[in-house]
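Each chain, letter by letter, is given below.
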Amino acid sequence: MMKAKKVFKIIGIILLVVIIIITCIVGYFYYTYTQAFNTENKPYKNYIGYINQEKALLNDVYTLCENGYILRTYNGAGLDAYTVNKKHYRDQLNTTFNHNEFTDSGYLNFRFLVNCKGQAGWFEIIEMNLDLEEQPLDPKLVDALLSFTSKSEHWNVLNYSDSDKAYNYYMYVSYRIEYGKVTEIIP
Amino acid sequence: MEKLPKLYLSLCCALVLFSCQKDTNLNSNEKRELAKKTYKAAIKFRQGSTPFQNGIADAVAIDPLYAQGVYELSVADLKRGLPHKWLPQYNKAVVLDSVTRIPWRGYLYLWFYRDYKKAIADFDASDTLTPEFIDAPQGHSVDYWRGIAYLGLKNYEKSNWYFEKHIAKEIKDFGEDYVDVTAFLYNGISYFEAGNYEKALLNFNKQLKYSRNLSADAKYYKAKIFKAENKNDNALEAINEAIQNFNQGYNNTRGYVETLRQLYPQDLTELKTEIESL
Numbered sequence: 253m254m255k256a257k258k259v260f261k262i263i264g265i266i267l268l269v270v271i272i273i274i275t276c277i278v279g280y281f282y283y284t285y286t287q288a289f290n291t292e293n294k295p296y297k298n299y300i301g302y303i304n305q306e307k308a309l310l311n312d313v314y315t316l317c318e319n320g321y322i323l324r325t326y327n328g329a330g331l332d333a334y335t336v337n338k339k340h341y342r343d344q345l346n347t348t349f350n351h352n353e354f355t356d357s358g359y360l361n362f363r364f365l366v367n368c369k370g371q372a373g374w375f376e377i378i379e380m381n382l383d384l385e386e387q388p389l390d391p392k393l394v395d396a397l398l399s400f401t402s403k404s405e406h407w408n409v410l411n412y413s414d415s416d417k418a419y420n421y422y423m424y425v426s427y428r429i430e431y432g433k434v435t436e437i438i439p
Numbered sequence: 038m039e040k041l042p043k044l045y046l047s048l049c050c051a052l053v054l055f056s057c058q059k060d061t062n063l064n065s066n067e068k069r070e071l072a073k074k075t076y077k078a079a080i081k082f083r084q085g086s087t088p089f090q091n092g093i094a095d096a097v098a099i100d101p102l103y104a105q106g107v108y109e110l111s112v113a114d115l116k117r118g119l120p121h122k123w124l125p126q127y128n129k130a131v132v133l134d135s136v137t138r139i140p141w142r143g144y145l146y147l148w149f150y151r152d153y154k155k156a157i158a159d160f161d162a163s164d165t166l167t168p169e170f171i172d173a174p175q176g177h178s179v180d181y182w183r184g185i186a187y188l189g190l191k192n193y194e195k196s197n198w199y200f201e202k203h204i205a206k207e208i209k210d211f212g213e214d215y216v217d218v219t220a221f222l223y224n225g226i227s228y229f230e231a232g233n234y235e236k237a238l239l240n241f242n243k244q245l246k247y248s249r250n251l252s253a254d255a256k257y258y259k260a261k262i263f264k265a266e267n268k269n270d271n272a273l274e275a276i277n278e279a280i281q282n283f284n285q286g287y288n289n290t291r292g293y294v295e296t297l298r299q300l301y302p303q304d305l306t307e308l309k310t311e312i313e314s315l
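Order-wise, the sequence lines are chains E and S.
Positions 253 to 439 (the numbering used here) are the ones given, in order, by the first sequence.
Positions 38 to 315 (the numbering used here) are the ones given, in order, by the second sequence.
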């Protein structure tokens with residue numbers, strides 16, 4: 253009788269220790285995982301490429317679909333985003349923009365969101381010289397390219413690969429400008 | 038009851054196991070090890086996410102000379118269209134590891150900014166940095182990349198010179214079948230633009246030989262050459278095959294950005310219409 257009691261006691265202690273160890277391990281990983289996302293006193297408060305929708309330009313024209321979840325934030329939607337394809341986009345730009353008489357050189361980047369209906373908004377603009385240092389460009393040139401880039405007709409509706417359902421996506425376009433002419437469009 | 042001390046001891050051991058380690062008073066080797074460990078934990082998260090960036094920032098804070106961490110902090114800015122943030126961070130990595138990062142920066146200038154001159158300057162600098170060997174950022178020699186950059190600049194003579202150098206070395210070291218087919222393609226395009234159709238055809242045919250005769254690009258340029266030589270039947274056959282290959286997905290592209298001289302369906306149909314009207 254005493255022996256059986258002792259065996260139960262030992263089993264009980266072993267079980268208790270195992271449970272405590274498992275709890276510690278799970279707790280440790282849970283803690284490190286959640287701590288990794290804690291941005292308090294950390295240099296990066298948002299993911300790279302995050303667009304603050306409160307401050308972005310043209311943020312009140314359209315609305316994001318569903319709960320506002322944004323895809324393609326890893327590197328933008330790239331060549332998938334251009335309506336028809338990039339050659340079409342380039343051709344349109346050459347007919348509407350490159351006749352303008354600007355003299356600036358530099359890079360002009362637009363970072364923006366396109367909703368599930370292919371409507372573009374929420375723009376952030378980066379104006380740079382050809383050494384990629386921030387430097388203002390001719391405001392008229394910036395306006396002309398913003399007006400062109402923000403036309404929703406240029407941007408595709410992108411669907412989830414396994415359904416007909418469309419999503420909101422992140423996109424960036426970079427114009428290399430030499431003597432007022434767009435010489436390269438990236439991506 | 039007599040077992041309780043043992044239980045407490047086990048618990049203490051567990052606590053010690055999971056306790057935090059302070060990184061003060063570490064020597065440089067220990068700092069590097071801890072930085073690497075912190076970096077490895079951070080890169081389990083998605084590139085550019087807050088735990089990824091902050092984790093690597095922690096690693097760099099532990100060991101500010103840890104070049105891999107300093108470099109990795111720049112990458113998401115590059116891919117997501119924030120060059121003004123990418124370059125200053127990237128250049129910190131150049132200071133720590135110029136041998137790796139200067140030719141690599143040339144590659145990035147070439148594709149993400151299409152700044153051919155800056156790219157060439159970095160590839161040239163790598164010749165001086167490592168005169169005993171030819172660097173190969175992203176899997177291709179700097180000679181291959183210079184061939185592309187000079188094509189971008191429309192300096193076809195230099196483009197061909199670097200491609201010939203690259204191809205000759207690859208053949209000598211590994212054999213012709215080891216040469217990346219795009220080296221033949223771009224070499225051919227530069228010869229085509231320079232008006233040297235004979236050498237252009239030679240390169241396009243090499244490309245086709247090593248890609249199971251499947252390349253919309255090689256056939257598109259061959260059609261252009263046949264058209265220029267008034268061989269209209271050959272030109273039509275070539276463009277039709279080019280369209281077929283394109284529709285099968287055999288055309289030159291690259292990840293993240295458009296490639297140099299990327300073909301689109303409009304290019305193919307326009308050339309076909311031109312040939313048919315002759």
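Worth double-checking, as some hints may not be accurate.
[Stated by the list, open to error] Below, computed lysine-lysine pairings styled on DSS-like, alpha-carbon distance capped at 30 Å:
no.	chain 1	residue 1	chain 2	residue 2
1	S	K209	S	K236
2	S	K74	E	K338
3	E	K294	S	K74
4	E	K433	S	K209
5	E	K433	S	K191
6	E	K297	S	K77
7	S	K195	S	K264
8	S	K209	S	K264
9	E	K339	S	K74
Keep in mind the hints are simulated off the structure, nothing from the lab.
Hint by hint, here is what the structure shows:
1. This hinted pair checks out: S:K209 and S:K236 have alpha carbons roughly 20 Å apart, not beyond 30 Å.
2. The suggested pairing of S:K74 with E:K338 is violated, with an alpha-carbon distance near 42 Å, which exceeds 30 Å.
3. At most 30 Å may separate the alpha-carbon atoms for a hinted pair to count; E:K294 and S:K74 meet this at roughly 19 Å.
4. Annotation: proposed proximity of E:K433 to S:K209 is violated, straight-line Cα distance about 44 Å (limit 30 Å).
5. Pair hint E:K433 plus S:K191 holds up; C-alpha atoms about 18 Å apart against a cutoff of 30 Å.
6. Between the alpha carbons of E:K297 and S:K77 the distance comes to roughly 21 Å, so the proposed pair stays at or under 30 Å and holds.
7. A threshold of 30 Å between alpha carbons decides the hint, and for S:K195 with S:K264 the separation of about 26 Å falls inside it, so the pair holds.
8. Proximity of S:K209 to S:K264 is assessed by CA-CA distance (about 35 Å); at most 30 Å being required, the pair is judged violated.
9. Proximity of E:K339 to S:K74 is assessed by CA-CA distance (about 45 Å); at most 30 Å being required, the pair is judged violated.
In terms of the numbered hints stated before, the structure departs from hints 2, 4, 8, 9, listed from lowest to highest.
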